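S.K.: Spelled out from the first residue to the last, the chains are:
Protein chains: 2
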Amino acid sequence: MEAIKSFELSKEYLELLRESIEEAHIPFIQESMQDAKKADIASLLDELDMEEALFVLRALDPDFSADILIELDEDSQYKVITAMPAEELATLIDHMDSDDAVDVLNQLVVNDREAVISHLEQKEKSLYIIELLRYDEDSAGGLMAKEIIKANLNWTVVQTIEEIRRQAENVEKIFSIYVVDNKEKLLGRVALKKLILAGSDTKVADLYEDNIISVPTYMEGEEVAEIMRKYDLEAVPVVNVKNKLVGRITVDDILDLIREQAEEDIQAMTGFSDDVEESDSVYRLSRARLPWLFIGMVGGLMGAGFIGFFEEGLSAVTALAFFIPLITATGGNVGIQSSTLVVQSLANKSVFEDSLTKRFFKVLLVAVFNGLVLAGFVLLTVVFLYGQETKFGLVVAIALFSVVLLASFMGTLTPIVLDKMGINPAMASGPFITTANDLLGLGVYFAVATLLLNL
Amino acid sequence: MEAIKSFELSKEYLELLRESIEEAHIPFIQESMQDAKKADIASLLDELDMEEALFVLRALDPDFSADILIELDEDSQYKVITAMPAEELATLIDHMDSDDAVDVLNQLVVNDREAVISHLEQKEKSLYIIELLRYDEDSAGGLMAKEIIKANLNWTVVQTIEEIRRQAENVEKIFSIYVVDNKEKLLGRVALKKLILAGSDTKVADLYEDNIISVPTYMEGEEVAEIMRKYDLEAVPVVNVKNKLVGRITVDDILDLIREQAEEDIQAMTGFSDDVEESDSVYRLSRARLPWLFIGMVGGLMGAGFIGFFEEGLSAVTALAFFIPLITATGGNVGIQSSTLVVQSLANKSVFEDSLTKRFFKVLLVAVFNGLVLAGFVLLTVVFLYGQETKFGLVVAIALFSVVLLASFMGTLTPIVLDKMGINPAMASGPFITTANDLLGLGVYFAVATLLLNL
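Chains A and B supply the protein sequences, listed in that same order.
Residue 1 is where the first sequence starts when you use the UniProt record's numbering, and the numbers rise one by one after that.
Residue 1 is where the second sequence starts when you use the UniProt record's numbering, and the numbers rise one by one after that.
Everything labelled a hint here was simulated from the structure, so no lab data went into it.
Watch out, some of these pointers could steer you wrong.
Computed beta-carbon distance windows for the label pairs [what the hints assert, rightly or not]:
(1) B/4 <-> A/213: 13 to 23 Å
(2) B/218 <-> A/390: 56 to 66 Å
(3) A/423 <-> B/316: 56 to 66 Å
(4) B/240 <-> A/242: 45 to 55 Å
(5) B/111 <-> A/417: 43 to 53 Å
(6) B/218 <-> A/213: 53 to 63 Å
(7) B/18 <-> A/213: 38 to 48 Å
(8) B/222 <-> A/26: 33 to 43 Å
(9) B/4 <-> A/150: 27 to 37 Å
(10) A/5 <-> B/242: 18 to 28 Å
(11) B/277 <-> A/5: 17 to 27 Å
(12) B/305 <-> A/213: 56 to 66 Å
(13) A/9 <-> B/361: 17 to 27 Å
(14) B/222 <-> A/360: 30 to 40 Å
No experiment lies behind these values; they were computed from the predicted model shown.
Ideal Cβ positions, reconstructed from N, Cα and C, are used throughout, including at glycine.
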């Protein structure tokens with residue numbers, strides 16, 4: 001234990017930490033961690049088993065442990081909080097902001113949750129928590145913290161600074177003071193900078209900015225994120241239906257949300273049935289991947305059955321089989337490109353959007369152009385490079401062109417329909433649609449062949 | 001012009017605005033827009049043509065126009081700034097933060113850029129800009145703004161507040177005051193909240209927090225974003241190699257960066273050669289899609305040539321053709337799943353990562369498990385449902401199992417290799433790899449068939 005004296009995010013320190021946990025060497029843990037960042041300690045605890053992590057959390061100051069607990073990854077956090085007695089967890093929750101407290105409590109079953117709440121020492125905090133638990137986790141209400149600094153319109157700067165002093169411990173990050181009337185209705189905000197530069201007797205009424213953006217409790221988190229990004233907000237006040245100020249959302253929560261959603265979208269696109277990471281167990285990884293692989297496989301088997309109908313034709317013109325992968329792959333690629341484009345424009349909806357008719361007309365133009373280029377190239381290759389008959393080349397080219405057209409429409413329409421049904425449109429690029437496109441491609445290919453080659 | 005008096009993000013207002021531009025009715029533009037958000041006006045101007053947008057920007061106060069210009073989308077911004085005389089653009093740039101100024105100037109060719117800089121009125125701003133132009137656009141240096149509030153370690157609170165007053169106009173959002181020594185080296189920060197609550201004579205030395213996070217100028221933007229997310233920072237100071245404070249990055253710039261990168265990743269995954277939106281022109285959309293479709297098609301044609309080698313075998317056992325789509329689709333799906341997982345874990349690198357050997361062993365386990373389940377199911381279906389011989393069923397099942405294994409490794413290895421080569425690993429899920437997987441699948445399938453069926 002000589003070399004490393006203070007916290008490091010390294011394998012060596014992790015080893016040392018394990019040793020000191022085993023030897024119950026609490027001073028080393030406390031001293032080495034005192035200047036460390038909570039997020040770094042959390043990354044380290046994620047590597048420990050539950051008993052070890054619990055030992056570290058108990059060795060540290062509850063205020064610090066509470067911060068670390070919030071930063072743990074979901075699995076570690078769940079293990080630790082379910083292993084803690086209700087009273088101990090309540091002590092930590094007493095040191096959290098209400099939004100973080102609710103995130104933690106939401107992982108417990110209702111009975112355990114109530115047991116913890118009943119042990120909370122701060123009356124105000126437990127009221128906050130009970131209120132926040134009512135909201136949907138992904139709504140503005142579920143994201144907001146109750147801890148804010150409010151100033152009445154009639155206060156002076158001195159009174160407002162007094163309020164900041166009173167709340168300084170509860171509200172860690174203060175960006176602005178929200179201004180309300182006597183009925184707690186949100187009127188505007190005063191930036192901290194303005195407060196510092198104003199004279200002590202200045203009235204809040206003369207300082208505040210009234211034309212500010214707020215969000216209602218029921219707004220979806222994703223929309224809140226987009227508003228904060230668009231208007232460059234570091235925090236946004238949340239109001240209820242009566243425009244009463246009820247909380248605020250800060251940008252750090254939004255950053256986490258954006259990252260989670262980007263990952264979920266990509267996983268939805270690539271066919272995971274569950275949110276997984278490379279570090280998850282083999283069983284969990286396999287289970288998350290199998291359902292979509294299965295759908296893809298059933299599609300493949302249906303395709304086999306379908307091609308089976310054309311067995312005679314295939315025996316007569318074996319070359320038909322050669323171009324099956326070309327047809328299905330092109331259909332898949334075109335479909336994914338189309339759906340990606342629509343998914344992205346669904347995520348950034350604008351009031352000035354083109355009508356559906358206009359959008360489909362554009363899809364048609366792009367598809368016809370790309371289809372003609374590809375089909376032309378294929379026709380030349382099949383006839384001149386592969387020495388097939390022109391008629392056969394035409395079959396492949398016409399099928400390819402039709403597949404490009406159909407896959408463009410499928411790829412465009414599916415996310416729009418899914419979105420209207422309230423399903424994440426990113427799934428439209430997943431194996432389900434790829435599989436449907438494969439079958440569609442095969443259908444078109446053999447239909448064209450049957451017609452043109454009189455099979 | 002009766003109905004709508006003030007700004008609205010609506011088609012009706014857009015019509016009204018067009019009319020007033022045509023009639024050069026400047027008061028309407030000024031009055032209706034005075035309470036509007038800059039981002040909303042920018043969304044509206046994005047719908048206008050260049051001449052109209054320019055008219056609106058000229059009608060408004062330069063300070064406001066500068067803010068709107070920054071928020072325009074890339075295409076509109078480019079059109080407007082290239083149409084403006086250098087002197088006029090310089091007036092707007094004089095009203096921008098240095099980071100935004102550089103983003104705008106980076107779009108101009110060197111000569112135009114220098115012409116604009118030579119017209120800047122603020123000496124300090126032009127020095128800032130010239131310094132920032134040296135940095136790579138995607139590095140911390142390229143993202144940072146030079147406008148910050150610095151306090152010397154030996155100052156008092158009163159002196160610091162005086163500095164805030166002096167800089168209040170230049171620094172719009174103040175979250176903390178950065179503390180430096182006499183050589184401008186970064187020592188720490190004082191949160192604005194602390195400054196408000198401290199007595200006027202308190203020394204900065206007694207107030208500041210020394211254990212803070214800073215980033216070097218050369219750090220990549222993506223990494224800066226991850227640090228700000230992980231440590232919940234609303235702003236981060238940027239230092240040069242000598243630890244001298246040179247600027248700061250605020251979270252609003254990071255939000256834009258994260259969004260752009262998520263979109264680029266998804267487009268790389270789905271095979272666009274260029275960053276496009278649904279609203280782009282038919283020509284641009286087609287051009288961005290064609291290159292990858294072409295690669296996919298060339299792959300398909302190579303696949304056709306490859307299957308052609310087995311023409312005799314295919315004539316003998318036509319049923320072989322039935323299962324081609326099953327093999328290629330499964331390979332594609334497995335490959336995309338694997339690469340997605342690796343791409344996500346590459347984006348969240350950790351010091352406690354498993355070794356490559358351990359990761360590949362895990363990939364192997366998952367692949368064997370999934371492969372066995374899928375192959376078993378296929379064997380039963382092919383033999384009992386489709387009434388093929390057991391030996392033939394085994395060919396399909398063994399090929400499928402091998403494809404799952406190979407595609408898992410390809411999908412895992414490719415992003416790792418691309419990442420090591422400095423190429424965006426998200427491309428590993430693109431059509432290029434899907435195509436390679438298709439060919440691989442066909443190879444395995446026909447190899448197994450040749451061996452087992454003695455073709």
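S.K.: Could you tell me which of the hints above the structure violates, numbers in ascending order?
M.R.: 3, 6, 7 and 11
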